[in-house]
Structures are given as C-alpha cells and as structure tokens.
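Work out the full structure, taking the sequences as your base and the hints as a guide.
With the working numbering applied, the first sequence closes on residue 796, and no number is skipped along the way.
Restraint ranges, calculated between C-beta atoms of paired labels, are given here:
id, residue 1, residue 2, range
1, A540, E318, 49 to 55 Å
2, E457, E174, 46 to 52 Å
3, E250, S485, 48 to 54 Å
4, R19, A151, 46 to 52 Å
5, Q603, A546, 51 to 57 Å
6, A443, R478, 16 to 22 Å
7, N423, A546, 28 to 34 Å
8, R286, E553, 33 to 39 Å
9, S131, Q603, 30 to 36 Å
The calculated lysine-lysine pairs, modelled on DSSO-like cross-linking and capped at a C-alpha distance of 27 Å, are:
id, residue 1, residue 2
10, K162, K245
11, K238, K273
12, K61, K93
13, K25, K81
14, K245, K81
15, K93, K81
16, K75, K357
17, K273, K245
18, K245, K317
19, K75, K25
20, K400, K75
21, K93, K75
22, K162, K273
If you are wondering where the hints come from, they were derived from the structure by calculation, not from laboratory data. All C-beta atoms in this analysis are idealised placements derived from N, C-alpha and C, irrespective of residue type, glycine included.
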Amino acid sequence: MLDFFRMVTPALDAFLTERLNSAQKDAVVAPNGPLLILAGAGSGKTRVISYRIAYLAEELKVAPEAILGVTFTNKAAGEMKERVAGLIGPRAKAVALGTFHSICARWLRRYISRIGYEASFTIYDDDDQLSLLKRLYPDAGLNPKQFTPQAVRSEISRAKEKLYTPADYSRTAESPLEYAAASLYRRYQDGLQEANAVDFDDLLVLTLRLFDEAPDILQRLQRQYRHVLVDEYQDVNKAQYLLVKQLADEHRNLTIVGDDSQAIYGWRGANVKYILEFEHDFPDCRIVRLEQNYRSTKTILGAARAIEAGLGQRHMKELWTENDTGHPITVCRARDERDEAAFIAREIERLHADGYKFGDFAVMYRMNSFSRAIEEAFIRRRLNYQIVGGPRFYERREVKDVVAYLRLINNPADTVSLERVINVPGRGIGETTLDQLREWASALGVSVPHALAMLQEAEGDGAPALRVAPPFSDRAARQLVGFQSLMNDLRAAAELEGLVELFDRVIRRTSYADFIRAEKGGEDRLQNVHELRTVVSDYAGMDAGAGLRAFLENVSLFGGADVMKDSSETVTLLTLHSAKGLEFPVVFIPGMEDGILPHSRAQGNADEMDEERRLCYVGMTRAMRLLYLIHCETRTVFGTPRLADPSLFLTSLAEDSLRFVDSYGMAANPVGGGPSAVRSWSGSATRVAPGQRKSLGPLVRPGTEISSPSLRGYPGAATLSPGRSQAPPLAPPPVAAAAKYSQGDRVRHASFGDGTVVESVLTRRGEEEVKVTFDEKGMKVLLGALAPMEILARAS
DNA sequence: TAGTATTTAATTTTT
DNA sequence: TTAAATACTA
1 MLDFFRMVTP ALDAFLTERL NSAQKDAVVA PNGPLLILAG AGSGKTRVIS YRIAYLAEEL
61 KVAPEAILGV TFTNKAAGEM KERVAGLIGP RAKAVALGTF HSICARWLRR YISRIGYEAS
121 FTIYDDDDQL SLLKRLYPDA GLNPKQFTPQ AVRSEISRAK EKLYTPADYS RTAESPLEYA
181 AASLYRRYQD GLQEANAVDF DDLLVLTLRL FDEAPDILQR LQRQYRHVLV DEYQDVNKAQ
241 YLLVKQLADE HRNLTIVGDD SQAIYGWRGA NVKYILEFEH DFPDCRIVRL EQNYRSTKTI
301 LGAARAIEAG LGQRHMKELW TENDTGHPIT VCRARDERDE AAFIAREIER LHADGYKFGD
361 FAVMYRMNSF SRAIEEAFIR RRLNYQIVGG PRFYERREVK DVVAYLRLIN NPADTVSLER
421 VINVPGRGIG ETTLDQLREW ASALGVSVPH ALAMLQEAEG DGAPALRVAP PFSDRAARQL
481 VGFQSLMNDL RAAAELEGLV ELFDRVIRRT SYADFIRAEK GGEDRLQNVH ELRTVVSDYA
541 GMDAGAGLRA FLENVSLFGG ADVMKDSSET VTLLTLHSAK GLEFPVVFIP GMEDGILPHS
601 RAQGNADEMD EERRLCYVGM TRAMRLLYLI HCETRTVFGT PRLADPSLFL TSLAEDSLRF
661 VDSYGMAANP VGGGPSAVRS WSGSATRVAP GQRKSLGPLV RPGTEISSPS LRGYPGAATL
721 SPGRSQAPPL APPPVAAAAK YSQGDRVRHA SFGDGTVVES VLTRRGEEEV KVTFDEKGMK
781 VLLGALAPME ILARAS
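Structural data, given as structure tokens:
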C-alpha cells in the first residue's frame with residue numbers, strides 16, 4: 001500500500017524552518033507521488049535534494065537502500081552523498097547515489113549475461129570508440145576522409161541516445177553521411193560485442209534492453225527503489241528519460257529537480273522537452289518552485305533574468321533575492337583579445353589589492369581557445385591560475401597505455417586495447433604485420449585476440465594444425481607469439497597477486513618506464529605513470545582480480561575525476577559549460593560578441609540560439625558580487641583580425657545596471673549617468689602600467705553620428721561618434737630597450753627561484769616574443785611591459 | 001618503421 | 001594561427 005502523507009512533527013518543522021525557506025521546505029516534505037522541483041540558479045537545489053533524502057530515510061523510515069538518487073556528474077553525486085551523510089550519518093552509505101552511467105554499469109555487471117555480453121565487459125571511451133571505428137572503414141568500403149570517424153561517432157551516439165538500433169537508423173538515413181554512418185553503426189556494434197565492450201551510450205541503452213528482455217530484473221529494481229530522485233533533469237536524453245520513467249513506474253515516487261533555463265547540453269542529445277513536459281507525463285505531479293536566489297546581487301540577477309526572458313519556451317518562474325543591489329555590471333570594450341586579457345588581469349590585481357582572494361575570480365569563456373590569451377596575460381603578470389577541463393589524467397597517452405594493458409589482462413577479447421599496446425613499447429609489430437593479423441583473423445572467422453591466441457597455441461606440441469596458414473614472416477610470428485605469452489603470464493599473475501604488484505609487473509615486463517622516458521616530455525609522462533601507481537595503490541587491500549576490476553571501473557566512469565584545486569590562491573579559467581553548478585564572487589565573461597556568444601554556428605536556428613542564451617544565463621548567474629562582460633572591437637579568428645560586434649545579449653541589457661569602461665577601467669561611452677559617476681567608481685589606472693599614462697580620455701566622445709560597426713548596438717550609441725583618442729599600445733613598448741637593443745636580440749627579463757625563466761626576442765613590431773620556461777616546459781608568450789634585464793644573445 | 005613535411009580544419013564535452 | 005592528422009622520405 002501507499003505511504004500516507006505523514007504529518008510533520010512540530011520539532012521537525014522547527015528544525016526545517018530554521019534551515020530552509022518555505023518553498024524549500026515544501027519540496028523536502030512533499031508527500032509521495034511525482035514531484036517536480038523547478039530550482040532556479042542559486043536557489044539551494046542540492047540542499048533541498050539532500051534534505052529530502054534525509055527526510056525520507058529519517059522521518060518516513062524509508063530504508064536507505066530503497067532510495068535511488070541519480071545525477072549527471074560524479075562530483076554532484078559525491079557532494080550529495082556528503083551532505084546526506086552530514087544529515088543522517090553512516091546510513092547514507094546505503095543510499096544508491098550515483099550518475100546514470102555508474103548506476104547502469106553496476107546493474108549491467110550483475111545482469112549483462114542475460115543479453116549476450118560477459119560480466120567482464122570493458123567500457124570504451126571516446127578514444128576507444130574512434131579506434132574501433134577507424135578499423136571498420138575499409139570493410140564498409142568507406143573513406144575516413146570523406147566522413148570523419150568523429151562525425152560518424154557522433155551520429156552513432158545520437159542514434160543511440162534516441163534508441164535507434166542500427167536497423168532503425170539505416171531506415172531513417174537520408175544524407176550521405178547518414179548512409180555511411182548506418183553501415184558503420186552496424187559493424188561498430190558488432191565490433192563492440194565481439195570485443196566484449198560497451199560504450200558510454202550503451203550503458204544506458206543496454207540497461208533499457210535488459211529491462212525489455214528480462215522484465216523480472218526490471219521488476220526487481222522497481223520494487224527495490226521505492227523512491228527515485230533525479231537531479232539536473234533538464235539535461236536528460238531519451239534513454240535517460242525512459243530509464244527514469246520505467247524505474248519509477250511501480251511506486252511512482254519520483255522527484256525530479258531541474259531548471260530548464262540552464263539546459264545547455266542539447267547538442268549532446270539532451271532534450272529540454274522532458275522537463276517541460278513532465279506535467280503531461282505525470283498529470284498528478286506536485287510542482288514546487290524554488291525562486292529565491294541566495295547567490296547573486298539584485299543587479300546581477302536582474303540582468304540574468306533579462307537574458308532569460310528572451311527564451312522561447314520555458315517554465316515560468318520568478319527569481320528574486322534579498323541580497324544587496326551591489327555594483328553595476330561592468331561592460332568593457334577592449335581593443336583585441338590581448339587587450340581583453342590584460343584588462344582581466346589588471347582588474348584582478350586591482351580587486352586583489354582591495355582584499356579579494358585569487359580564488360574568488362573566475363573567467364568563463366565560450367570556447368577553450370580563449371584560455372590562451374588569458375593565460376598569456378596571467379603568466380606575464382605571474383598570476384596563479386588553474387584551468388578546469390584541460391586534458392584529463394586518464395586521457396593522457398601514457399596513462400591510457402598502461403590502463404590498456406590492465407584492461408587486456410581483464411578482458412582478453414578487448415581488441416581496441418590489444419591493438420593499442422601490441423606495439424607499445426615498439427616490438428617490431430608494425431602496420432604491415434597488424435594488417436596481416438587482421439586479415440588472417442577474418443579468414444579464420446575469429447576476432448584478432450582470438451587469432452593471436454591460436455597462433456601461440458599452434459606453437460605448442462601436439463596442437464592441431466591451423467585451418468588457414470599464418471601469413472607472417474618468422475620474425476613477425478615470433479614477436480606476436482612473444483606478446484601473447486607476455487599477456488598470458490600477466491593474466492596468470494593477475495589471478496595471484498594484488499593490483500600494485502600486477503601494475504609493477506606490467507611496467508617491468510614491458511620496460512614501459514624506459515620507453516616513456518625516451519619520448520618527448522618523457523619525465524612528465526613518467527611522472528604520470530607514477531601517479532597512476534599511486535591511484536592503483538588505493539586498491540592494494542583488495543583480492544587479486546577484484547582490485548583490478550574495481551580499478552578499471554573507476555577509470556572508465558570517473559574519467560580522471562577532475563580535481564578542481566580548492567586553492568583560494570588561484571584564479572579559475574573554465575568554459576561556460578563547465579561552470580554550471582559553480583559560483584564565484586567575481587566572474588569575467590570575455591568574448592561577449594556576435595558570433596562568439598551566441599556562437600556563429602547557432603545563427604539561424606531558434607533552438608540553438610535559445611541554448612546560447614541559456615549558456616549566457618548560466619554564466620551570469622555564477623557571479624555572486626561582481627560581473628564583467630567584455631567584448632573586443634577586433635578579434636583575431638584563425639589568424640585574421642576581424643571587426644566584432646557586441647553580442648545581442650550585451651546590447652539587450654538594461655543600461656542603468658551597467659557601467660561601460662575601456663580596458664584600463666576608465667569610463668567609456670558615457671551613457672546614462674555620465675562619465676564622472678562612472679569614473680569615480682572605476683578606480684585609477686595607475687596600477688596598470690607604472691610610469692605610463694595615468695588617464696585616458698573616454699574612448700568615445702558624445703557628439704556626431706556613428707560609423708564604426710563595433711559601436712552599433714550599444715545603448716545610446718546612435719548619438720555618439722567614434723571620435724576616440726588614439727588608443728595607447730597595450731603596454732608600453734620597451735622604450736629603454738629599444739635604444740639599447742635591436743631587433744632580433746634575445747634578452748632575459750627575469751628568472752625565479754622555482755626555475756621559471758622569462759626571456760624574449762624583440763620583434764619587428766616592437767613587441768617581444770617571449771618564452772617563459774617552467775622547469776623544462778617551454779611556453780611562448782607575447783609580452784610587452786617588462787623591461788629586459790640582460791642581453792642573452794645579439795642578433796647577428 | 002620512425003621521423004619529418006604537408007595538409008586540413010578549428011564550439012561546447014557531465015559519462 | 002595552431003594543432004593534429006596524414007603523407008612522404010631516410
């Protein structure tokens with residue numbers, strides 16, 4: 001029978017009232033049945049889910065193992081687990097909390113034999129997918145140049161997200177790409193199964209297939225999970241939607257939390273419609289809106305709402321806040337990307353002098369390529385920064401190599417891993433030999449790993465003769481057999497010894513350390529291998545085999561677990577996408593230009609334009625106290641400088657909440673309040689470049705007509721003219737240097753105790769091309785301001 | 001087979 | 001511009 005709505009006891013009510021606002025409380029104690037929580041940015045969403053789980057377990061006496069909480073990221077799952085543990089203690093461990101993928105993987109490990117895979121299946125990442133795909137082109141009679149593996153992979157992924165089988169997909173194929181993808185999709189899926197491997201999409205799709213083909217299992221899970229809670233529901237795709245729906249079908253205790261205004265993963269197959277249509281799926285659902293924002297100033301929230309208001313379809317909610325009005329939003333017009341980056345660096349230094357910590361700042365850009373200019377400016381000023389979402393640990397070549405050995409030990413059928421390591425380190429098994437091996441395997445009608453095993457067995461005494469004679473040269477055959485025996489030895493060892501011992505054995509038997517040290521960047525790479533060993537040592541206590549399996553699972557599903565350093569001493573650089581869920585006191589958004597945000601690829605597509613808008617909204621709502629929106633007059637795209645118009649998101653903001661400045665923080669384009677008011681706020685330019693001009697006139701003088709396209713769209717711009725004073729160079733040219741040194745000279749600016757060396761070459765334009773060396777890792781930077789200290793080399 | 005020259009393409013990326 | 005992937009040469 002259903003649980004009846006439990007009255008909240010006065011004591012509990014008091015407890016909750018102290019910690020939650022009334023909407024939050026409603027959400028936490030909502031009765032059984034479908035529940036839609038529309039949680040605006042900064043409205044305490046995580047808190048509400050955690051409290052609701054705690055409430056279910058503590059007050060309604062729902063067994064923790066009967067609660068399933070689903071998130072999109074491991075980080076979100078981790079945070080939630082922590083908060084629930086803080087509320088109900090160790091019992092929280094029994095709550096099933098995880099990502100869609102990790103939860104599905106767990107179920108599949110248990111039940112996948114029901115649909116024709118083995119429990120030891122390997123999970124392929126994007127890279128592995130590509131390797132597999134590339135192998136299939138010749139067989140499909142296709143040219144990877146015409147339809148790139150990347151494009152095909154994304155087609156296949158889209159198809160899987162929509163639950164199209166290869167047959168479904170080929171029926172709907174229309175374009176040439178789709179025909180090609182259809183033919184590869186079928187082979188790809190066969191290839192996966194042959195390798196006993198699944199890709200990320202399969203984790204969801206195969207779970208659905210399992211539910212379909214083994215209804216008893218679905219039923220068991222449905223009964224087990226009396227409450228299902230899903231976070232970030234605006235980002236679910238069709239497969240995830242169906243999973244949730246099926247799981248909750250028995251008890252109908254489904255809580256979903258999300259914000260359609262923050263849906264930014266449509267391009268990955270997510271569909272906002274599932275949150276927008278939740279009420280149709282569950283007409284009896286209860287809706288709670290979390291509309292009070294605890295994060296941002298009134299000004300920032302107001303501007304974000306103005307952006308949000310331009311969306312086509314959305315759930316209505318009215319975000320509000322009791323926070324201060326705060327400062328106006330600073331809109332900076334910079335000359336170019338260097339100027340833009342310099343502005344950010346200067347502003348950070350200025351605010352730091354005012355008491356902000358470096359960890360309070362974040363720079364959020366639309367494209368990763370923006371990070372470079374910013375990094376250069378930061379390095380130049382020796383500002384500490386960290387980039388979120390750079391190359392992941394587990395995606396590094398050396399790490400993937402070693403992991404591939406471990407995977408191959410665990411799953412001998414794993415073709416992709418086998419082909420990855422069979423000649424790494426080099427064993428003289430080149431492309432020719434590998435091709436022969438593939439061909440021979442297909443002649444025998446077996447997989448590559450299987451063929452290799454047969455070849456080795458044929459060496460032994462009394463082995464049956466091979467049906468098709470191996471085509472290899474003696475040398476190649478010896479190498480192949482040698483590799484296979486190596487793998488067999490390692491597999492035997494894996495049965496007996498712990499993971500750390502096995503890891504060391506792999507490294508030793510393959511001489512991997514020597515190999516990688518000899519590569520470029522070898523010491524760093526070797527360091528990564530050592531780091532991987534540290535990760536491995538966490539599994540030291542486990543049984544042989546179990547440790548290996550647990551390790552491989554984590555590698556696949558926790559993809560490097562991007563450790564964002566919690567340091568309060570580094571500025572954070574990240575994309576707008578990866579900013580979701582975070583908050584910072586001060587946020588800079590560069591590239592507020594037409595074609596960047598909204599991105600040019602979204603032009604002309606209403607849905608994609610909406611998504612760009614939501615992306616802008618996400619970025620702005622990350623800011624707690626100060627928000628900077630920056631655009632350039634000129635932006636260099638692929639080497640060619642182009643005039644850039646301000647973003648329509650910029651020009652549609654209410655003027656009275658903005659302050660316009662140039663890249664020195666000086667008032668520019670004085671609309672509304674006039675220049676003096678702005679100038680008094682915007683601080684002095686003295687910190688900018690010591691010894692240089694202390695003040696600049698406004699970039700734009702009131703007066704005549706507008707002619708520059710980059711001014712179009714600014715509020716009030718029509719009455720202004722671009723009669724600007726001569727823009728100063730970004731930083732002073734090295735005046736003193738110019739007299740003493742000549743073009744082509746190599747000079748040293750500084751060297752630091754930590755091994756950092758700043759040196760440069762004077763170039764034609766009076767700029768300097770600078771090389772900053774951090775312990776061996778060279779980095780080229782453009783620099784203007786530092787005075788050279790000594791000449792290292794004269795141009796001849 | 002490995003290293004070097006040329007060609008090509010360039011949003012976002014929770015798992 | 002640049003980075004990566006492919007083609008070409010020693």
